[in-house]
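K.L.:
Below are the chains, spelled out letter by letter.
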Amino acid sequence: MVYILGLNFTESILVKKALQSFFGIGTDTSARLLARYHIHPTCKVGELANKQVLDLTAALSDMKIENDLRRQVLDDIKRLRETGTTRGRRHALGLPVRGQRTRTQIKTAIKLNRVDRRL
Amino acid sequence: MVSPFCWGCLTPLRQTSRTILPSPSTAVSRGPAFHTSAALQFMGRPSQGGKKGSTVLKFRQPAVAAMKKKKKFVEKARPPPVGERKAIRKRIVLSNPNALEVEGLQELSEETMVDSRLRGTALALPVPMLDQLRAVQAFKPKQGWSIFRRPCTVLRRETLELGRFFDNVTGDVERRGAVIKKIVGGARKSGKSVHLLQAMAMGFIKKWVVFTIPEAQELVSATSSYAPLSEENPNLYVQNEATAALLSRTVAANKDVLSGLRVSQNHPTVPAAKPGMTLEDLAKTGAQDQASAWAVFQALWKELTATGPAPGLEKHYTPRPPILVTVDGLGHWMTESQYRNAQFKLIHAHDLVFVRHFLSLLKPGQDQPSLPNGGALLYATSTTNNPPYVYTLDVALKQVAARDAGVEPSSPQFPQPEPYSKTDPRVFEVLESPKSKHAQEGRLQHQILGGVTHDEARGFMEYFARSGLLQETISDGWVSEKWTLAGGGVIGELERIGKRLRVAA
Amino acid sequence: MAWLTSSCVVQAMQSIRSPIALRTLLPQRSAAHTTHTFPRASLSTTLQQRKNVRTYATEVHQSSEVPPAGEIDFEHFRAMPARIVPVSPSYFSGIPKFYDHLLRLERLLALNATLPTVPSGEAPRKAWMKIAQFREHLGEEVPTKKYMGLLKVVYRLNCIDPSLIPEEVNAALQEFVRPGNPLGEAPAPRQLDELGRARGKGKRKASNAVVHLVEGEGEVLVNGRTLAEVFPRLHDRESATWALRCSSRLDKYNVFARVRGGGTTGQAEAMALALARALLIHEPGLKPILRKAGVVTVDPRRVERKKPGHVKARKMPAWVKR
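Residue numbers (full-length UniProt numbering), protein chains in the order written: chain A, 1 to 119; chain B, 1 to 505; chain C, 1 to 322.
16 Å max Cα-Cα, derived EDC-like pairs, lysine to aspartate or glutamate:
| no. | chain 1 | residue 1 | chain 2 | residue 2 |
| --- | --- | --- | --- | --- |
| 1 | B | K422 | B | D394 |
| 2 | A | K44 | B | E241 |
| 3 | B | K345 | A | D28 |
Quick caveat, the hints were computed from the structure, so don't treat them as lab data.
The shape of chain A in the complex, shown without the other chains (with noise of 0.2 Å):
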């Protein structure tokens, strides 16, 4: 088991995949961070250095992540639906938000953009 921020990963999982499994970090900025301190994609939980494990702590702490991304995205919808604009209206109706066709395919944006939405 290793912590990083916080969180406890078994060993056998790639470092890559660890990352990932934070809210705002994807593939490209996982890629980016294991190039940062020399870590090879391949590389499990398990095999990282102490040094290395702290780095990405300390990297990822002065990241925007997890509540602190979704406070803020969240407050930008709330600040577009109260000045009054079409895409603020458009989240809280539960429609698609950038002019994507209503017809058909849209149940991602009936399933997440509501009135109180959640991330």
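Given the coordinates of chain A, assemble chains B and C onto it according to the supplied hints.
P.N.:
Below, chains B and C without anything else, positioned relative to chain A:
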């Protein structure tokens, strides 16, 4: 009303009983006879998922009651344990008890490897040496060792030349310290890897120190750890894991040689290297402690290439044996690796110190030859496993051959890359080898392995027949026919033909 | 004979149908062409007069100025043929000259049917006219099938015993022989070139191959590469060199081939054909063996083209009821 009698044969007709027919009064209340879905809607939908009486459709809920599918019984086999599939894939079988024992089979030895009378015969690899060869991963999984009783190789012309060189460097006083540097090329299945294997076997026979890199790709495919070399050299990268693996391979294969040599130089960077300890122990420390692997490797290399002891350590010094270095799959070292630096740029393979070290041996040494105690560098290219752009290497190898043939780089005959083609200047730089100042050090050559001759092909097919795989009378005509079918005696194709005939018979 | 040309006949028919006013001129036509001017001039003057006189629409027009039609001169008219009969009975068939030839040949055949014949293989060899030549010769668009029918009669007549054949038949047959002496100039047998190479060409499917064969020790180069590199499949390698193998000459010749187009199978078999042809230049005596081995026979099959409305060449889309 229909008559109750058939007027043709005057027998009473059977009449449908009235009770079976639907009564007009009940037929109205029931749904239509054919369409179940409409009837179901009429009578109310069956309750689904425990919600009783809910007739409101959810989003896109099918209006037709879903048919329950029978669950297929799938037998779930347990997946094999981690690593087992790879182990099966990489397993090397060297013996087949069903194959016949070949009578009068000679082994590769100091005498046989230079005996030109034996040219074209199959020579068995000595059994004690197999462990060493396995340790340096000389055998590849698809080389077809598993169909014979014992692993054997054919003594072909190139092998004999190599054997003579090994013999001279070790025995002849004048030739002591000679170095050959070859990049082994050739068509697919022409026996490049087996040529390296034969060189390794000769190295073990002659008590050389053998360093091998069986898969050059593994060093650049970003599957092992890497780190910047030091603060001063942030653009060079060290691969400790791969270096430790190389050290452990070397220790396992060269135990006898290394245990007879002692540390006789000063190594300020390696605290573990104490004067007088055997080189085997030195290498083992590097293999065990990955963090110091690269430093230990450098110390070991310094020891092996030493021509004399450091002052004060004379009692530990014994003359160093020649060194054989083999690399298989050189193409992967001639492009960018899969590793990335801190700026997320791809690292060139030549910036990995491990690769850089072995490539720098191709250049002539400054003060002394790159292998001062003699030895051989055999770097094989591959035709099947190459990175996407090996064009530069192709041109560079043509240049190597031209330089070796005496064509001046300024002459118009000197091969040049096509204009507007994308080439890598670092590859040209690393393969550009001027003539050495030292007489013993040979120039970099590009050796192309072609097909074997008719006689060698005959010897090879006879070995198949004597192992019980071929049931044909082997005549000159038959052999030359197979020789042509094998693309002019390409030895891997000959083997394929020999194996196929076994199935047909 | 002027009546025979079609334009004359048409002119005649039209002139018969022309207005009665002009019919009076018919007998005089051959006598004097100048008389043509007379009725035209009189007609135009009467029309002009009519223009100048203003009349009402209901007014009865006095047409006393227009001369009545003259009486038909039956005596002269009788001198013309009642029905124009073409010289050739096959005039209305569209290809009269062809049918004239056919009828003549059939008449000859009927006259000489009882003469003894020789088997068709022993009949004197003659190169008959090809269809394109024959069409050019006649100036008629003879259908191919009809010409084949005619040639059958020609073949039959040619089979009459040469010692007994009548001069008339011989002359008739000679008309159908191609000009020049095509059978006399047989193509020269192919030779090795000055460097001892034999060249053969072969085709199969979409591939074509050119093979240069020299005496040697069994090396094969295809497009500058070895046989094993070009044909990874062992079967292809065997079929490519089959001509040499079945005559056990594989170690006696060197092969240099250039193969283009198609896939591996086509290339290998195109090369086999080319190789067999080249080998026959070196050793013509091998022909029976190679024929038996099946490498001399050309395989003319090609991929059938795809048709509109079909999924492939013949496959139809699935038939769905409504």
